[in-house]
Amino acid sequence: MKIAVCVKQVPDAAVTKRIDPATKRLDRSGEAALNPVDANAVEEALRIRDASGEGEVVVVSLGPEKALDALRKALAMGADRAVLVSDDAAAGSDLVATSYALARALERESADLVLFGQQASDGDGALLWAAVAERLRRPMISQAAELTFENGSVTGKRQTEFGYDVIRASLPAVVAVADSINEPRYPSLKGIMGAKKKPQDVVTLSELGIEPDRAGSAGSRTEVLALSAPPPRGDTRKIEDDGSGAEKILEFLAEKRLVQ
Amino acid sequence: MSRAASRVRPSDYPPPFSPAEVIAAPTDPSGERIEVGLLVVGAGPAGLACAIRFGQLLEESPETAERLGDVPVAVVEKGAKPGSHLLSGAVVNPRGLRRLFKGRLTMNDLPTFGEVHGEAVYMLTKSTAIRLPPPPTMRNHGNYVASLAQLGRFLAEQAEESGAAILPETDAQKLLVADGRVQGIRTGDKGRGRDGQKLPNFESGSDIVARITVLAEGTQGHLTGAAISHFGLEGAHPQLWALGVKEVWKVPKPLGHIVHTLGWPLRKPARYGEFGGSFIYPMGADLVSLGFVAGLEYRDVEFSVHDVLQQFKTHRIVRKILRDGERVAWGAKTITEGGYHALPKRFNAPGMLLVGEGAGLVNVPTLKGIHYGVESGILAAETAFRALQRGESPSRPGALDGYDEALRSSWVTKELHAVRNMRQVFDKGFFVGGALASAMTVTKGKLPPREFSSEPNARHALMKTDRAKSYPAPDGKLTFDKLSSVFLSGNRTRDDQPNHIRLERHVPRELAELWVNMCPARVYELGDADGDGTVTVELSPSNCVQCGAITAKGGRLTPPEGGSGPEYTLA
Amino acid sequence: MTTLVFLEHHEGELQKGSLGVLGKAAGLGHPVSGIILGSGVEGLAADAGRYGAATVYVADDLRLEAPLPQPRVDALAQLVEEKGIETVLFAQSILSADIAAALAARLDAGLNWQLVDLEEQDGVLVGKQSALGDSVLVDVGWTSTPRLGLFRAGVFDPVETGGAGTLERLDVRFEEHSLLAEMLEQAHEETSGPSIEDASVIVAGGRGLGAPEGFGMVEELAKALGGAVGATRAVVDAGWYPYASQVGQTGKNVSPALYVACGISGAIQHKVGMQGSKVIVAINKDPNAPIFEFADLGVVGDVNQIVPKLTELVRARSS
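Residue numbers (my numbering), protein chains in the order written: chain E, 1 to 260; chain A, 1 to 571; chain Z, 1 to 319.
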């Protein structure tokens, strides 16, 4: 089975994230790391490949050249090949533009399964799997906590607000995995050292046949207008318990309609 | 103020640890060992300079590169990335870096915040600041302000370009020694739980074997300490350390010059053993790096460098500098302070070289060691290269002595020699020490002639005064508590790891208090009294920023799982 | 400006979150319609009208029975194109997030998510997005129509306007790929309570509980409130509660509607894991605990007295 995993490099959680007031975009100049839940997606892909004894795991990303670092971590874990769509014209892409570019890159791969991590820690790129599934015109399963395969289909168990669902989709399919699906492996030293030698392609938007008006800000349909400090949480009330603390809490919860 | 003195000394309660544990023979089957040519342990300025210089030499000698196999040079680093565990002021003397990059890069190509434009030295009391002429040892003309974490990242990129494999998130747990020679290192396991059990994603450590291993671990080097012990390389006097805690602030008004202070909040009388001072360095137009450094020979169990730093910030001259500013980074690390007298008697053993701060190469009066690290790294690379030529054997006894000769005759050793008694005299207290220090500077180390000795940091008897009363309560704007500071260091260490700190857990209360206050990251807490005059020390090892202070004061820091600890970017 | 609100339903009831968004949209002053998709759901149309929808579109089809996103994308896309709808709004849920994103791709329409508010500024629709762990509020806009907006769960409370919406039935033409996913088992309750990430109420315990036994009462309160149990790093380290319940920088990130912090000091390592909670109640005997700086209601007192009493009161109220 050929599995493509879409991964993203996000600003390191260790660095205080900030939005650059000049560009109004997330300041990505700091150190960057593989989006944590993408490691779960890579891990799942590797397990699927290793269980079947054959197949290929390709990691795909859209980002600046240094996103190769994130891709290399996936290669160090055991992925076979990396494809980076890197183009200055892609900067500032929103969901519409990003999903379009990723879908074109994925079409070239013709994977049986496309995996995403369910959430990007930097906020962008969240929900990408659904948009990409739609562009590829393939079925999707999100929030997957367990995956099994039968001939021609994939079955996913996922937790929702109401309990768990079991959904089966015909392959090729797009699946977004939750971080509860597995524990990503640590790259071995041999893996880290061998990563650089694995094939890494960098492609531009024009090589994918993407028209300039469908990329970057031009290809986006949303925009950032202004930034401001979040409203303060509101008045904090602090009271001493004089024996009626519990009652006061209940009153408060009732006021906020948090209890019947 | 109570001057209760006890006879409790941290060294009376040694941790359950023996350097011999760190030495081992290779255990992986030979097919599974990772083989490299030159192995460098630690991606700091010394280790990276060594890797870069070695790469330069290999460029000119492709046959040597061939003979070293697939991976001629590898640098292992326990932090998440190169730079993650690097912390310094820093004002860098460019001498070593210029030599390293001669003909390729100039200082303008390196990430720095520009040259030093003037400096001021103050003697502080609680309310006053008296300007002193900078002692000759503190003149910084021609030096550059830099963030060592940033510089480390840059040097790592250079090392990669020169052909080195950089392996971050890789801790060196053991030094591989067999047949009387150093053969490489064993890296640590990953994916063990709190009780040492193997978690589902457990990954065993590996043996990395190398023709030559360069230990560039910096302060409190784990393998370095064990190697010095194993090969009998101890110097004439015990090694000493200071603890530095620093912050980086974003400020609206740029600071034009660098500042050093002596005096308050440290106490002058010799019996307290409080030696150190502060630094405040401008980093470009909108950042300021400031820190407090204090020798770890202090006696008072309530002494806390982090809190002294917070106290220091309340002085009017510091308030002025930080006005309307915002704290953006924090970190802590020990600094090797033994100087010339504590240098190991040899810097090499069969198959091994010691470079940088781990080898004791820090100039205490000038607070500089980065340039020594770089220079020693260069010399080590050159020796290693020669020893790996056809017909040479690097593990032959004496094969690497060329490094010692080069280092001993270099400007590094000359400078260390000139200031060799500077640090120890301050054991006598500030005033006496200050006078002696001046005498030394003026006579370039020739007077006074006797060698002053110093006790190891852990051997000083403890006392308790009410020092903690003077620490400011954290206000979250100018002064901060330890936990929120640890957060700002980027520390996200996995919690359910085995404890990496070796410590005697049942100790007299004063000793427990010493550790609780000493640790800038609040790793230690007072537990229950044990009923026989001792208390239990509780630990939160995942707070640890691996500063190394505990090793100087009665415990032993070992490297936790690779990738743990702080992620400094501006330190 | 025509606005359509996707109304999610479960077990015969329209979801509170969707109704809240409906009320918000109606409050903007333009005609608002709602859409209900499922099988045997016509009866829900009346509720939609009562909560603000002037028109209620209903597509009743067996192929919409299972709560799967892609057939719903077909319905919405069709309606948007047929009626020239300019704005489509959703309340966050696992289902609606998938629908909104896929619809954005289908229509090449801008989608802004994590919205906490919506305004009209000089006739232009502007969304308020809470970003970067709630540390910054971003004004976001759309550069074309249709505009898609996904609101954070529970930001608006439903408001009964007492209206009646006009019912319009919709016949959906499904795309081939939309029918390639099949629901085999749906909404099975797990025997344990909600997982901490999905819980809308979390009762969490810290060192202030005094002893591991303190978690007994934390669990009771959680059960009474229908929520999950959380724990701080300190107590997990000490072995009082499992790591899976740890909330914080190195544990889980949660943003429930209600977070009750029992004996928790509120150090930043914990705060960053739960500061997105809509309402925070803290009980701690230390009046200087940092948690009181950001709790909506802080009670300085003994958790061992207050928590069991609160549990009793909650139980009494719901019976």
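Hints listed in this document are in silico derivations from the structure and should not be mistaken for laboratory results. We put the CB at the ideal spot given by N, CA and C, even for glycine. Among the hints, a few may not be true.
Only part of the chain Z face toward chain A is listed, based on derived beta-carbon distances under 8 Å [unchecked claim]:
hint	residue
1	9
2	13
3	233
4	236
5	240
6	253
In silico lysine-lysine, DSS-like type, Cα no more than 30 Å apart, as pairs [unchecked claim]:
hint	chain 1	residue 1	chain 2	residue 2
7	Z	16	E	248
8	A	126	A	345
9	Z	223	Z	252
10	Z	278	Z	309
11	Z	309	E	157
12	E	256	Z	83
13	E	66	A	250
14	Z	278	E	248
Status of each hint after checking the structure:
{"no.": "1", "hint": "9", "verdict": "39 Å, violated"}
{"no.": "2", "hint": "13", "verdict": "40 Å, violated"}
{"no.": "3", "hint": "233", "verdict": "6 Å, holds"}
{"no.": "4", "hint": "236", "verdict": "7 Å, holds"}
{"no.": "5", "hint": "240", "verdict": "13 Å, violated"}
{"no.": "6", "hint": "253", "verdict": "12 Å, violated"}
{"no.": "7", "hint": "16/Z x 248/E", "verdict": "26 Å, holds"}
{"no.": "8", "hint": "126/A x 345/A", "verdict": "43 Å, violated"}
{"no.": "9", "hint": "223/Z x 252/Z", "verdict": "20 Å, holds"}
{"no.": "10", "hint": "278/Z x 309/Z", "verdict": "23 Å, holds"}
{"no.": "11", "hint": "309/Z x 157/E", "verdict": "39 Å, violated"}
{"no.": "12", "hint": "256/E x 83/Z", "verdict": "38 Å, violated"}
{"no.": "13", "hint": "66/E x 250/A", "verdict": "27 Å, holds"}
{"no.": "14", "hint": "278/Z x 248/E", "verdict": "19 Å, holds"}
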